[in-house]
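**Student:** Put the complex together from the two separate chains, hints included.
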Amino acid sequence: DAKTTQPNSMESNEEEPVHLPCNHSTISGTDYIHWYRQLPSQGPEYVIHGLTSNVNNRMASLAIAEDRKSSTLILHRATLRDAAVYYCITGIGGTSYGKLTFGQGTILTVHP
Amino acid sequence: NAGVTQTPKFQVLKTGQSMTLQCAQDMNHNSMYWYRQDPGMGLRLIYYSASEGTTDKGEVPNGYNVSRLNKREFSLRLESAAPSQTSVYFCASSSLAGGPATPDTQYFGPGTRLTVL
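Sequence order for the protein chains is A and B. To convert, note that position 51 of the first sequence is 51 in this note's numbering; the numbers rise steadily by one, no gaps. To convert, note that position 81 of the second sequence is 81 in this note's numbering; the numbers rise steadily by one, no gaps.
Some hints could be false.
[Stated by the list, open to error] Each pair of labels, with its calculated beta carbon distance range:
1) B:Thr20 - A:Asn57: 32 to 42 Å
2) A:Asn54 - B:Glu79: 21 to 31 Å
3) B:Phe10 - A:Asn8: 45 to 55 Å
4) A:Glu45 - B:Glu79: 48 to 58 Å
[Unchecked claim] Here are the simulated EDC-like pairs of lysine to aspartate or glutamate, each with C-alpha atoms no more than 20 Å apart in a straight line:
5) A:Lys3 - B:Asp26
6) B:Lys9 - B:Glu79
7) B:Lys14 - B:Asp26
8) B:Lys71 - B:Asp56
9) B:Lys9 - A:Glu16
10) B:Lys14 - B:Asp38
[Said to hold, decoys possible] Heads up, incomplete: computed chain A residues facing chain B, CB under 7 Å, no partners named:
11) Tyr32
12) Pro40
13) Gly43
14) Pro44
15) Tyr46
16) His49
17) Phe102
18) Gln104
None of these hints come from the bench; they were simulated from the model. Note that the Cβ used here is the ideal one computed from N, Cα and C, for glycine as well.
Okay, chain B solo, but in the shape it has when bound (with noise of 0.2 Å):
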């Protein structure tokens, strides 16, 4: 298995181009998550998937966009770059087979370096 994978491994834009994050998972998790993180700092939820067919913001959702495209793929797109979009994108993936209140382990890719000029 290669668990959660996540392309491309890094990427430069220039403000206002457009790109799209590409994460997959082969665990036949029902949830997939994106998250961000800045330097120093811990990661934050930009948007989450519960189950295939359905998509909620997180925390900092401005400026981006998702797809689930099936129960595999869970696309973020970038549709005008801006500096402060530079950070690392983290995708992760999670059974939820108990339902929301229960413990539930998230599977990290190993990020995407996005630096936008």
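Chain A on its own, in the form it takes in the complex (with noise of 0.2 Å):
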């Protein structure tokens, strides 16, 4: 599986838009980009995926590179609720057969 490096931590206010990097210059060219983030004392939840093409969804956008060595996971407007891990997997499909390999993420405190 492709390896990924995030920050540890990022802070940013309520209601500010948020953008959260990722690098992963090992990424195949079948290899997808996907987001969890999981809120304090609760399993983890899909955000959102992509492969080439920039994605939106009702809780995020996904701005990918154009060489797909990084991407950027937006948050439009910060919530509170916002507050969690954030971890950016790649590799998954193939003889990965569906298997997530999470890194450590990034920690997002969102202040009121």
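**Tutor:** As structure tokens, this is what we get:
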């Protein structure tokens, strides 16, 4: 599986946009980029995924660099409920057979 | 739909005791997974079951056994618990309907917090 690198922590103020970066320089051409988040004392939950094009859903946007070596998860207006650990994961599929490989993620703190 | 449910929510064991963690999903998913999460760490895969009747080892299978009882249920057994198995255990499921090479969303349960003394 491709390895990802994320900052250990980031901070934001409520109602401001948040850009969470992820580097995945060894990503292969068929690897998808997934983001999950884990709220305090809960299991992880799916946020978004993409392959090459930028993606939007009701939770967030995913901007993927043209060379696919990095991506950014964008929360357009952070709320206190968005305080969580955000995991960037690549390499799902193929021989990974659906298995997720979690790194340490980015701890997002949202200030009121 | 309840999604993925796990029992128990909390458990304290003594070294050498055994126990089984239960997981069930009501989403008709093909695949199920067991992860553990140690303090300050990401999740690590223990075992997974790509479909009913099959199980395979993940990254950290030692000290654990699993049973895919039917399509809904996937249990994790600790035969002789050790303090190193103190962790939070998460079960997850996914459809993998498009096959292993397609993107797939995993749905996680609330976790079981296990302490081994």
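**Student:** Could you run down the list of hints and mark each one as holding or not?
**Tutor:** Evaluation of the provided hints:
1. Between Thr20 (chain B) and Asn57 (chain A), the C-beta spacing of about 37 Å keeps the proposed range 32 to 42 Å intact.
2. Asn54 (chain A) and Glu79 (chain B) have their C-beta atoms about 48 Å apart, which leaves the hinted 21 to 31 Å range violated.
3. The supplied range of 45 to 55 Å is broken by Phe10 (chain B) and Asn8 (chain A), whose beta-carbon atoms lie about 29 Å from each other.
4. The hinted window of 48 to 58 Å between Glu45 (chain A) and Glu79 (chain B) is violated, with their beta carbons roughly 31 Å apart.
5. For the hint pairing Lys3 (chain A) with Asp26 (chain B), the CA-to-CA distance comes to about 32 Å; that exceeds 20 Å, so the pair is violated.
6. Restraint check: the Cα-Cα separation between Lys9 (chain B) and Glu79 (chain B) comes to about 19 Å, which is no more than 20 Å; the hinted pair holds.
7. Only pairs whose Cα atoms come within 20 Å are accepted, and Lys14 (chain B) paired with Asp26 (chain B) is rejected, the gap being roughly 32 Å.
8. Restraint check for Lys71 (chain B) and Asp56 (chain B): the C-alpha separation of about 15 Å stays at or below 20 Å, so the hint holds.
9. Between the alpha carbons of Lys9 (chain B) and Glu16 (chain A) the distance comes to roughly 36 Å, so the proposed pair goes past 20 Å and is violated.
10. Among the hinted pairs, Lys14 (chain B) with Asp38 (chain B) is consistent with the structure: their alpha-carbon atoms are about 18 Å apart, no more than 20 Å.
11. Annotation: interface hint on Tyr32 (chain A) holds; nearest CB of chain B at approximately 4 Å, less than 7 Å.
12. Nearest Cβ of chain B to the Cβ of Pro40 (chain A): about 12 Å, over the 7 Å cut. The hint is violated.
13. Below 7 Å, beta-carbon pairs count as interface contacts, and Gly43 (chain A) has one with chain B at about 3 Å; its hint therefore holds.
14. Against a cut-off of 7 Å between C-beta atoms, the interface hint on Pro44 (chain A) holds, since the closest Cβ of chain B lies about 5 Å away.
15. For Tyr46 (chain A), the interface hint holds, the least distance from its beta-carbon to any beta-carbon of chain B being 5 Å, beneath 7 Å.
16. Hint status for His49 (chain A): holds, given a least beta-carbon distance of 5 Å to chain B, under 7 Å.
17. Interface restraint check for Phe102 (chain A): the shortest CB-CB distance to chain B comes to about 3 Å, inside 7 Å, so the restraint holds.
18. Among the interface hints, the one on Gln104 (chain A) holds; its C-beta lies about 5 Å from the nearest C-beta in chain B, closer than the 7 Å criterion.
Violated hints, listed in ascending order, are 2, 3, 4, 5, 7, 9, 12; each of the other numbered hints is respected by the structure.
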